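2 protein chains.
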Amino acid sequence: MMRRIKYPAKADWQELVKRPTQHFEDLEAGIAQTFRLVQEQGDDALRTLTQQYDGVQLNALYAAADEIAAAEAELSEELKAAILQAFSNIQLFHAQQAEQPKQVETMPGVTCWRKSVPIDRVGLYIPGGTAPLFSTLLMLGVPARLAGCKEIILCTPPGKGGSIHPAIRYTASLLGIDKIAKVGGAQAIAAMAFGTDSIPAVNKIFGPGNQYVTVAKQMLSKTGVAIDLPAGPSEVLVIADESADAAFVAADLLSQAEHGADSQVVLLSNSADMLSRVEQELQAQLAVLPRREFAAKALENSLGILLSNVDEMLAFSNLYAPEHLILSISNFEEVLDEITNAGSVFLGNYSPESAGDYASGTNHTLPTNAYARAYSGVSLDSFVKKITFQHITPAGLQNIGKTIEVMAAAEGLEAHKNAVSIRLKEVQHV
Amino acid sequence: MMRRIKYPAKADWQELVKRPTQHFEDLEAGIAQTFRLVQEQGDDALRTLTQQYDGVQLNALYAAADEIAAAEAELSEELKAAILQAFSNIQLFHAQQAEQPKQVETMPGVTCWRKSVPIDRVGLYIPGGTAPLFSTLLMLGVPARLAGCKEIILCTPPGKGGSIHPAIRYTASLLGIDKIAKVGGAQAIAAMAFGTDSIPAVNKIFGPGNQYVTVAKQMLSKTGVAIDLPAGPSEVLVIADESADAAFVAADLLSQAEHGADSQVVLLSNSADMLSRVEQELQAQLAVLPRREFAAKALENSLGILLSNVDEMLAFSNLYAPEHLILSISNFEEVLDEITNAGSVFLGNYSPESAGDYASGTNHTLPTNAYARAYSGVSLDSFVKKITFQHITPAGLQNIGKTIEVMAAAEGLEAHKNAVSIRLKEVQHV
Numbered sequence: 001m002m003r004r005i006k007y008p009a010k011a012d013w014q015e016l017v018k019r020p021t022q023h024f025e026d027l028e029a030g031i032a033q034t035f036r037l038v039q040e041q042g043d044d045a046l047r048t049l050t051q052q053y054d055g056v057q058l059n060a061l062y063a064a065a066d067e068i069a070a071a072e073a074e075l076s077e078e079l080k081a082a083i084l085q086a087f088s089n090i091q092l093f094h095a096q097q098a099e100q101p102k103q104v105e106t107m108p109g110v111t112c113w114r115k116s117v118p119i120d121r122v123g124l125y126i127p128g129g130t131a132p133l134f135s136t137l138l139m140l141g142v143p144a145r146l147a148g149c150k151e152i153i154l155c156t157p158p159g160k161g162g163s164i165h166p167a168i169r170y171t172a173s174l175l176g177i178d179k180i181a182k183v184g185g186a187q188a189i190a191a192m193a194f195g196t197d198s199i200p201a202v203n204k205i206f207g208p209g210n211q212y213v214t215v216a217k218q219m220l221s222k223t224g225v226a227i228d229l230p231a232g233p234s235e236v237l238v239i240a241d242e243s244a245d246a247a248f249v250a251a252d253l254l255s256q257a258e259h260g261a262d263s264q265v266v267l268l269s270n271s272a273d274m275l276s277r278v279e280q281e282l283q284a285q286l287a288v289l290p291r292r293e294f295a296a297k298a299l300e301n302s303l304g305i306l307l308s309n310v311d312e313m314l315a316f317s318n319l320y321a322p323e324h325l326i327l328s329i330s331n332f333e334e335v336l337d338e339i340t341n342a343g344s345v346f347l348g349n350y351s352p353e354s355a356g357d358y359a360s361g362t363n364h365t366l367p368t369n370a371y372a373r374a375y376s377g378v379s380l381d382s383f384v385k386k387i388t389f390q391h392i393t394p395a396g397l398q399n400i401g402k403t404i405e406v407m408a409a410a411e412g413l414e415a416h417k418n419a420v421s422i423r424l425k426e427v428q429h430v
Numbered sequence: 001m002m003r004r005i006k007y008p009a010k011a012d013w014q015e016l017v018k019r020p021t022q023h024f025e026d027l028e029a030g031i032a033q034t035f036r037l038v039q040e041q042g043d044d045a046l047r048t049l050t051q052q053y054d055g056v057q058l059n060a061l062y063a064a065a066d067e068i069a070a071a072e073a074e075l076s077e078e079l080k081a082a083i084l085q086a087f088s089n090i091q092l093f094h095a096q097q098a099e100q101p102k103q104v105e106t107m108p109g110v111t112c113w114r115k116s117v118p119i120d121r122v123g124l125y126i127p128g129g130t131a132p133l134f135s136t137l138l139m140l141g142v143p144a145r146l147a148g149c150k151e152i153i154l155c156t157p158p159g160k161g162g163s164i165h166p167a168i169r170y171t172a173s174l175l176g177i178d179k180i181a182k183v184g185g186a187q188a189i190a191a192m193a194f195g196t197d198s199i200p201a202v203n204k205i206f207g208p209g210n211q212y213v214t215v216a217k218q219m220l221s222k223t224g225v226a227i228d229l230p231a232g233p234s235e236v237l238v239i240a241d242e243s244a245d246a247a248f249v250a251a252d253l254l255s256q257a258e259h260g261a262d263s264q265v266v267l268l269s270n271s272a273d274m275l276s277r278v279e280q281e282l283q284a285q286l287a288v289l290p291r292r293e294f295a296a297k298a299l300e301n302s303l304g305i306l307l308s309n310v311d312e313m314l315a316f317s318n319l320y321a322p323e324h325l326i327l328s329i330s331n332f333e334e335v336l337d338e339i340t341n342a343g344s345v346f347l348g349n350y351s352p353e354s355a356g357d358y359a360s361g362t363n364h365t366l367p368t369n370a371y372a373r374a375y376s377g378v379s380l381d382s383f384v385k386k387i388t389f390q391h392i393t394p395a396g397l398q399n400i401g402k403t404i405e406v407m408a409a410a411e412g413l414e415a416h417k418n419a420v421s422i423r424l425k426e427v428q429h430v
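Going down the list, the protein sequences come from chains A and B.
The letter at position 325 of the first sequence is residue 325 when you use my numbering, and the numbering goes up by one with no holes.
The letter at position 321 of the second sequence is residue 321 when you use my numbering, and the numbering goes up by one with no holes.
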């Protein structure tokens with residue numbers, strides 16, 4: 001089960017917050033080969049690789065319109081209602097992130113503003129495998145639509161029979177995404193980065209995936225194609241005092257642990273008794289979980305740490321910079337300003353992480369692996385560029401001109417100075 | 001001079017917007033060696049490398065307090081006034097970018113918001129060389145201060161005598177930055193990324209530099225340290241119709257070209273006469289520029305393109321995605337919504353790029369090399385993380401619980417479902 005640590009010295013914290021290192025360098029040569037193949041052979045390469053990796057002979061790369069439309073009848077009313085509710089909440093929350101241009105006259109006649117402009121073409125990757133992550137499609141598709149991205153491409157690997165899970169098709173349809181390419185893995189990333197006859201090259205690629213997808217996205221950094229976030233295994237840190245409910249805490253830890261053996265789970269408490277009770281609950285709840293093998297392995301790499309008080313727990317959490325932070329403490333309202341590093345924060349005993357994973361409205365694509373020290377999760381901002389504009393009147397240039405000339409000259413950039421001087425001469429002649 | 005192209009076919013545009021490829025892979029092994037040296041030997045490595053590359057024997061790595069304070073007396077009143085004016089304008093513009101948390105109740109009892117939290121520690125790199133880029137220090141330091149970053153480290157290589165240009169010291173002092181490390185190149189990036197006894201490891205590194213600095217920053221992508229933007233040579237695209245002033249346009253093109261031989265300069269016009277007049281002006285103005293050798297080389301790689309109308313010019317510009325876009329056209333106000341890809345836009349005949357480079361208030365750290373298709377320039381946002389929060393009441397969980405349970409079950413994640421179910425049971429018992 002969890003590794004138990006009592007009152008670690010501050011000097012040891014740095015070691016405790018380290019995530020297990022992942023080495024994927026071995027994969028790079030193979031992925032570079034996939035990139036070359038897709039660049040050289042385009043759609044043919046996608047067909048060959050899909051046959052090879054997914055065992056599917058693709059005729060059309062894209063799901064047909066009737067295939068997408070059929071999803072509606074394939075899902076239960078209950079699931080459709082749930083997806084619609086989540087869609088609505090996510091839309092409501094992300095719509096508030098829209099920024100209106102504010103004109104600022106920094107000096108008389110010098111007016112500046114910035115404007116959010118959608119990224120033209122974005123690519124969304126949704127992994128296949130056992131769990132059809134339609135929730136991730138909502139988390140990426142809703143802000144892409146709200147931002148106004150002109151073209152949204154969805155790539156997802158086909159299932160054994162060549163079809164795509166109905167929940168993915170239904171969600172895509174709800175989002176107005178009609179381009180679902182049945183392509184997965186590094187070849188999907190290559191197709192969206194470089195373009196093929198069928199799949200247009202996009203400006204930014206979003207979405208989770210296995211290590212091939214993760215490394216492929218990372219390898220794009222030199223190509224000019226942006227990615228959402230550097231990726232790592234998902235993680236949660238729970239801060240629990242005596243007021244916490246041990247069964248709830250254990251359930252939250254397990255909901256993270258079931259993602260996979262490499263998930264990171266950390267429990268901090270100022271109560272040794274709470275730590276023990278959570279451990280007992282973990283044992284009991286784990287026994288009946290369908291994914292208990294994944295969860296048990298994840299727990300083996302996880303930490304239960306006893307600390308002296310809430311301040312220490314927050315300090316440790318800030319150093320760890322968790323993707324998800326759950327505050328199961330009585331005075332959470334008083335300590336909100338002390339949280340400096342986290343992806344998304346869940347407050348009190350009735351705000352489980354799974355609420356944010358699915359339906360409360362916040363995004364679940366978040367910085368892992370301590371990236372929360374410098375990165376934000378996906379939001380509406382991730383789908384726009386903020387372009388600055390300025391307009392200077394002749395009188396404005398007379399106000400600001402001298403400042404520019406003096407600074408440019410001091411930096412030894414005479415042509416920069418001259419671009420102002422030549423205009424000022426003209427203005428003075430008028 | 002510029003390469004002249006008349007009415008290129010749309011099929012050829014993709015080729016025309018390509019930047020000259022830069023290959024820096026050869027530098028990576030040497031930089032990796034510098035990284036190792038700094039990680040192993042810390043401050044000693046910084047002293048050795050500064051001796052080697054800058055010819056300076058450092059005693060203290062940091063500029064002394066009296067050295068910083070002395071700058072005030074070393075600058076002209078005129079330059080200090082200019083820096084203060086620019087500081088004030090940049091502050092005014094960036095202060096407007098602050099986002100206040102807005103609580104959204106997505107369902108009754110389910111409240112979500114996001115909050116901007118400063119990045120704890122940031123590192124600013126300012127290159128040395130002939131031009132002391134105190135303007136870049138303003139562009140990075142002002143938003144870092146406004147964001148509230150707790151620790152700001154400035155690295156800049158020392159001049160021949162071991163001192164730092166007074167304009168850099170003065171600007172740092174104005175920004176309240178008292179940690180000026182006399183370290184440059186890849187060793188400065190390594191120090192800020194990995195930390196030494198004297199220089200703390202930072203969470204994000206900002207600032208321009210030569211190819212060693214650029215590649216060093218790029219190599220950090222796997223280490224968890226964030227960087228401001230991927231870098232490339234600076235560039236401007238000017239759209240000029242008959243209403244433009246050829247002398248102003250030439251001055252703007254030259255202000256970009258003087259940055260260096262690899263600067264990118266593009267002029268679009270729907271008037272062959274305007275193109276010719278700008279060429280004549282370029283010749284005349286170039287002849288008297290101190291940095292004419294750089295500028296002449298940059299112009300050789302540059303393009304003057306004749307297109308049919310404003311719509312075509314905007315379409316070409318959007319495909320090119322310039323760092324700086326100058327609209328010297330009479331109806332610029334009517335076409336603002338057609339601009340989809342650009343870093344910063346300058347409107348009309350009296351808004352030279354150098355205004356934004358120095359003093360109008362907008363930031364001059366902008367996406368080059370077509371990164372403007374997906375990236376924004378540096379802003380207040382670059383110095384914060386936007387952390388989401390949520391609080392759900394027991395009644396709120398009753399409202400949203402079913403949605404989460406149904407979605408989690410459909411994704412096969414029973415522990416996610418259970419984190420809700422276990423709480424709902426408790427609520428129903430109350």
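Hint data in this document are derived by calculation from the structure and do not stem from the laboratory.
Accuracy of the hints is not assured; some may be wrong.
For chains that are exact copies, the list does not tell them apart, and a pair is met inside one copy or across any two.
As the list claims (entries may be wrong) - Lysine to aspartate or glutamate pairs mimicking DMTMM-like chemistry, simulated, CA-CA at most 20 Å apart:
#1 386 - 99
#2 150 - 311
#3 150 - 333
#4 115 - 338
#5 179 - 105
#6 222 - 300
#7 386 - 25
#8 402 - 197
#9 297 - 40
#10 115 - 54
#11 6 - 262
Every value quoted in this text rests on a predicted model; they were computed, and no experiment measured them.
Exercise for the section: Check each numbered hint from earlier against the structure, then list the numbers of those it violates in ascending order. Expected result: Those not satisfied are hints 3, 5, 6, 7, 8, 9, 10 and 11.
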